[in-house]
Amino acid sequence: MAEGKRPLPKPTPETQHFWEGAKAGQLKLQSCNECSKTYFPPRPFCPGCGSRDVKVVNASGKAKLHSYVIHARPAPGFDPPYAIAVVELAEGPRMMTNIVGCPQTPEALQLDMDLEVTFVKQTDDIALPMFKPAGT
Amino acid sequence: MKQKSVAVVGAAETTELGKIPGMSQIQLHADAALNAMKDCGLKPKDIDGIATAGETPQALAQYLGITPTYADGTAVGGCSFMLHVRHAAAAINEGLCKTVLITHGESGKSRVAPTPRPPYPDSLAGQFEAPYGVFGPPTMFTIPVMRYLKKYNITQEQLAMVAVVQREWAAKNPRATFRDPITVDDVLNSRMIAYPFRILMCCLVTDGGGALILTSAERAKDFPTKPVYIVGTGESVEGPMISQMEDFTSSKAFRVSGKKAFEEAGIAHKDVDHMMIYDAFAHLPLYGLEDLGFCKPGEAAAFIGERHSAPGGKLPINTNGGGLSYMHSGMYGMYALQESVRQMRGIAPAQIPGAKISVCHGVGGMFAASGTIIFSNEAP
Chain A
1 MAEGKRPLPK PTPETQHFWE GAKAGQLKLQ SCNECSKTYF PPRPFCPGCG SRDVKVVNAS
61 GKAKLHSYVI HARPAPGFDP PYAIAVVELA EGPRMMTNIV GCPQTPEALQ LDMDLEVTFV
121 KQTDDIALPM FKPAGT
Chain B
1 MKQKSVAVVG AAETTELGKI PGMSQIQLHA DAALNAMKDC GLKPKDIDGI ATAGETPQAL
61 AQYLGITPTY ADGTAVGGCS FMLHVRHAAA AINEGLCKTV LITHGESGKS RVAPTPRPPY
121 PDSLAGQFEA PYGVFGPPTM FTIPVMRYLK KYNITQEQLA MVAVVQREWA AKNPRATFRD
181 PITVDDVLNS RMIAYPFRIL MCCLVTDGGG ALILTSAERA KDFPTKPVYI VGTGESVEGP
241 MISQMEDFTS SKAFRVSGKK AFEEAGIAHK DVDHMMIYDA FAHLPLYGLE DLGFCKPGEA
301 AAFIGERHSA PGGKLPINTN GGGLSYMHSG MYGMYALQES VRQMRGIAPA QIPGAKISVC
361 HGVGGMFAAS GTIIFSNEAP
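Going down the list, the sequences are from chains A and B.
Going by this note's numbering, the first residue of the first sequence is number 1, and it counts up by one from there.
Going by this note's numbering, the first residue of the second sequence is number 1, and it counts up by one from there.
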């Protein structure tokens with residue numbers, strides 16, 4: 001068993017909707033009503049044009065593996081080896097995540113492989129979005 | 001800034017480098033500062049500008065007995081000192097002060113009185129990166145590299161070659177921590193840290209410090225040391241979250257900072273005799289060479305593989321051995337600056353004969369920030 005505990009997020013007023021969504025099994029992004037940019041991480045204005053006229057949107061949950069490392073050493077809450085990945089969502093933004101349901105090896109982790117979101121409950125308040133190979 | 005209007009007149013590292021359990025972080029700053037003052041014949045009362053990162057300018061001013069009219073606490077990671085040089089040059093030209101001391105000290109290995117850097121769980125990185133098991137720079141700085149390798153069809157052997165070449169430079173430097181030659185196989189068989197990074201592709205962790213003293217080019221003529229003139233400067237920041245880096249195969253901060261420095265200096269790449277590229281990990285020189293325009297995208301690994309940056313090559317890079325083999329306290333930018341100054345003074349252990357222009361390029365955080373300083377040893 002991994003020693004220690006995985007660090008967990010502490011939501012802020014600007015990110016609360018994201019974590020509420022994750023708890024309910026939905027990946028929330030934001031989109032600008034003025035320039036149509038879809039962005040992440042959450043903030044109440046558009047990082048593309050500065051507009052405050054933005055809305056929360058549901059992401060498809062589809063993504064591709066953009067890059068990763070496989071950490072060979074232990075970290076609090078993790079047994080090595082484990083992959084730390086960045087995925088590119090179908091909507092455009094990228095996010096850090098872990099890849100689950102898949103060996104943590106270079107052979108199994110191929111860049112650009114299709115992935116889909118899954119939510120892994122950590123506490124009553126926090127579920128973390130992670131990604132698994134699509135269709136598994 | 002105005003070319004060659006400001007010069008480095010004092011430069012020194014801590015008396016010891018490596019493992020220094022007998023000194024706290026702030027004393028490492030002071031040890032380097034006192035050495036730099038001795039280098040150019042100044043006392044604390046002669047310093048009227050102070051810049052530092054890690055410690056605060058106020059902590060250093062009080063500890064060293066300095067009363068500044070200019071203070072810069074820019075702290076953007078390991079390239080903070082490049083930004084300090086840039087800001088100091090502007091401040092001296094603007095008349096805010098006459099003589100600026102820039103210090104670095106870090107008890108990276110022994111951890112004696114370091115500045116705590118807690119990960120805040122409500123920061124954006126704390127919410128959207130820390131929960132996925134990132135654990136220090138080896139798991140963050142390295143994340144973009146698989147994308148880079150795939151895009152340009154670069155092999156791990158080519159990545160390993162960066163460490164091999166830098167060890168050749170380190171072998172010429174008595175102060176380098178690691179000096180024994182290594183091969184590509186040695187690198188690829190060394191302990192795995194975070195695939196595809198092996199330990200010999202990662203920087204050292206050591207204790208040490210360094211300090212610089214800058215003044216106007218006019219005053220520099222009165223100092224006992226050979227002035228090293230600042231001809232071009234650049235800086236930029238991108239952001240602290242590696243997952244949000246715009247392009248995993250190129251650093252925006254590098255491109256902006258490098259371009260600015262070359263424009264200010266009014267030089268071409270072929271004019272550069274010597275270069276330092278902050279190498280916390282083996283991929284940094286590849287990104288640096290490409291983002292500063294020395295190589296086309298994807299061609300830096302071949303450039304290094306063909307030994308152009310190695311001893312005897314046309315563009316000597318990281319001639320002290322770099323963060324991979326010389327030393328790395330945490331914020332290595334100061335040591336890159338020190339080596340550029342040594343090369344311009346003509347006193348480096350692996351001196352490049354006749355070198356007149358040195359480019360010193362730094363990174364802060366994990367591609368979070370960048371600073372570039374171009375030096376010359378030719379008087380205006």
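None of these hints come from the bench; they were simulated from the model.
Here a beta-carbon is modelled for each residue, glycine too, at the ideal position from N, C-alpha and C.
Check each hint, because a few of them may be wrong.
[Said to hold, decoys possible] Examples of chain B residues lying across from chain A (beta carbon under 7 Å, computed):
1. LEU42
2. PRO44
3. ASP122
4. GLN127
5. ALA130
6. SER243
7. GLU246
[Stated by the list, open to error] Keeping only pairs whose Cα atoms sit at most 25 Å apart, straight-line, the calculated SDA-like set for lysine to any residue is:
8. LYS5/A / LYS356/B
9. LYS150/B / LYS5/A
10. LYS38/B / PRO81/A
11. LYS314/B / LYS356/B
12. LYS150/B / PRO81/A
13. LYS172/B / ILE66/B
Contradicted hints - numbers only: 1, 2, 7, 8, 9, 10, 13
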